[in-house]
Amino acid sequence: FTQIENDLNTIKQKESLITINNSDNVEFTSTRKEQILQDIKSISMRLDENRKKLASLSAQLQNSGREIKGLQEMITGLEVKLQEYQSQIAGLTTTVNERDIEIGELNILASDLRTTVTEKEELISTQVAEMNKAYLAAGSFKDLKEMGIVSKDGGFLGLGRTESIVNNITDSLFSQIDISQLKYIPVNSRDAKLITEHPASSYEFVRESDDKIAHIEIKDPAQFWKISRYAVVEIK
Numbered sequence: 627f628t629q630i631e632n633d634l635n636t637i638k639q640k641e642s643l644i645t646i647n648n649s650d651n652v653e654f655t656s657t658r659k660e661q662i663l664q665d666i667k668s669i670s671m672r673l674d675e676n677r678k679k680l681a682s683l684s685a686q687l688q689n690s691g692r693e694i695k696g697l698q699e700m701i702t703g704l705e706v707k708l709q710e711y712q713s714q715i716a717g718l719t720t721t722v723n724e725r726d727i728e729i730g731e732l733n734i735l736a737s738d739l740r741t742t743v744t745e746k747e748e749l750i751s752t753q754v755a756e757m758n759k760a761y762l763a764a765g766s767f768k769d770l771k772e773m774g775i776v777s778k779d780g781g782f783l784g785l786g787r788t789e790s791i792v793n794n795i796t797d798s799l800f801s802q803i804d805i806s807q808l809k810y811i812p813v814n815s816r817d818a819k820l821i822t823e824h825p826a827s828s829y830e831f832v833r834e835s836d837d838k839i840a841h842i843e844i845k846d847p848a849q850f851w852k853i854s855r856y857a858v859v860e861i862k
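Each residue of the sequence shown is one higher than the last, beginning at 627 in the working numbering.
Read the hints as simulated data drawn from the structure, not as lab findings.
Among the hints, a few may not be true.
[What the hints assert, rightly or not] Straight-line C-alpha distance at most 30 Å; calculated DSS-like pairs for lysine-lysine:
1) K679 to K759
2) K746 to K809
3) K838 to K771
4) K778 to K838
5) K809 to K838
6) K771 to K852
7) K778 to K679
8) K771 to K862
9) K746 to K768
10) K667 to K778
11) K819 to K809
12) K819 to K838
13) K707 to K746
14) K768 to K838
15) K778 to K746
16) K679 to K667
17) K845 to K862
18) K768 to K778
19) K809 to K768
20) K667 to K759
21) K746 to K771
22) K809 to K771
23) K759 to K771
24) K707 to K771
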């Protein structure tokens, strides 16, 4: 009986250890699961061994035809304990399997969340790209006119006419640019002018020398593109 009780105490300690470790915030890896299931299997085997010992003792007591005071009660009590532990071990096995299912569900959820985040990021990226989209065309008046971008309006006998953008123009005639990236519009000519309307304070013609403009510096992109998302530069 002492050996059986010692075994039951050992089993109880192992069961508590499994329960405590399983409730800790420890990563439930496949290795950890195998370790727990192996411990449970070991406990189950010891429970079976002790159940056989009790069955043998009970049979011996009955075959002897004697009644030893308190012995049958002790055997019955140990059998009850064994049954309780067997139920608890079964519960532990179920908990481990449920935990495994739970981890699987969490992995699916995490995957879904990653997909959702990726989709949101792509949507945001698309929206940002759309917000930063603008169109640029640069060249001589002749080139711009042949492209169908500008024309000359007003004036008399060719005098006093002003360049303007053609109505209902198509975006394909322009170079698409990102306003967050475009800081300079190359000129590299003696003179140039913006045909499209932009606040004067938002840009500056930067000269390389007295007779050459290097580029147009966009000093304030938000203001420069506020009136129109089209920029047409006539290079002379």
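Outcome of the hint check:
For a cut-off of 30 Å, the pair hint linking K679 to K759 is broken: about 83 Å separates their Cα positions. At most 30 Å may separate the alpha-carbon atoms for a hinted pair to count; K746 and K809 meet this at roughly 29 Å. For the suggested pair K838 and K771, the alpha carbons sit about 24 Å apart, so the restraint of at most 30 Å is met. Under the criterion of a C-alpha separation no larger than 30 Å, the hint pairing K778 with K838 is consistent with the structure, at around 25 Å.
Straight-line distance between C-alpha atoms of K809 and K838 comes to about 19 Å, which keeps the hinted pair within the 30 Å bound. For the hint pairing K771 with K852, the CA-to-CA distance comes to about 25 Å; that is within 30 Å, so the pair holds. Simply put, K778 and K679 have alpha-carbon atoms about 110 Å apart, too far for the 30 Å limit, and the pair is violated. Among the hinted pairs, K771 with K862 is consistent with the structure: their alpha-carbon atoms are about 14 Å apart, no more than 30 Å.
Taking the CA atoms of K746 and K768, the gap is near 45 Å; set against the 30 Å cutoff, the hint is violated. For the hint pairing K667 with K778, the CA-to-CA distance comes to about 92 Å; that exceeds 30 Å, so the pair is violated. In summary, the hint linking K819 to K809 is supported, as the alpha carbons are separated by about 17 Å, within the 30 Å threshold. Of the pairs offered as hints, the one joining K819 and K838 holds, with about 13 Å between alpha carbons and a cut-off of 30 Å not exceeded.
Restraint check for K707 and K746: not satisfied, since their Cα atoms lie roughly 57 Å apart, outside the 30 Å limit. For the given pair, K768 sits about 20 Å from K838 by alpha-carbon distance, which is consistent with the 30 Å threshold. This hinted pair does not check out: K778 and K746 have alpha carbons roughly 46 Å apart, beyond 30 Å. Taken as a hint, the K679 and K667 pair is honoured in the structure, with Cα atoms around 19 Å apart against an allowance of 30 Å.
The straight-line distance between the Cα atoms of K845 and K862 is roughly 23 Å, inside the 30 Å bound, and the hint therefore holds. Restraint check: the Cα-Cα separation between K768 and K778 comes to about 11 Å, which is no more than 30 Å; the hinted pair holds. For the hint linking K809 to K768, the alpha-carbon distance of about 26 Å falls within 30 Å, and the restraint holds. Proximity of K667 to K759 is assessed by CA-CA distance (about 65 Å); at most 30 Å being required, the pair is judged violated.
A hinted pair counts as satisfied when its Cα atoms are at most 30 Å apart, and K746 with K771 does not qualify at roughly 42 Å. The suggested pairing of K809 with K771 holds, with an alpha-carbon distance near 26 Å, which does not exceed 30 Å. Taken as a hint, the K759 and K771 pair is honoured in the structure, with Cα atoms around 24 Å apart against an allowance of 30 Å. As the CA atoms of K707 and K771 are separated by approximately 99 Å, the hinted pair breaks the 30 Å bound.
The structure fails to meet hints 1, 7, 9, 10, 13, 15, 20, 21, 24 from the earlier list, while all remaining hints are met.
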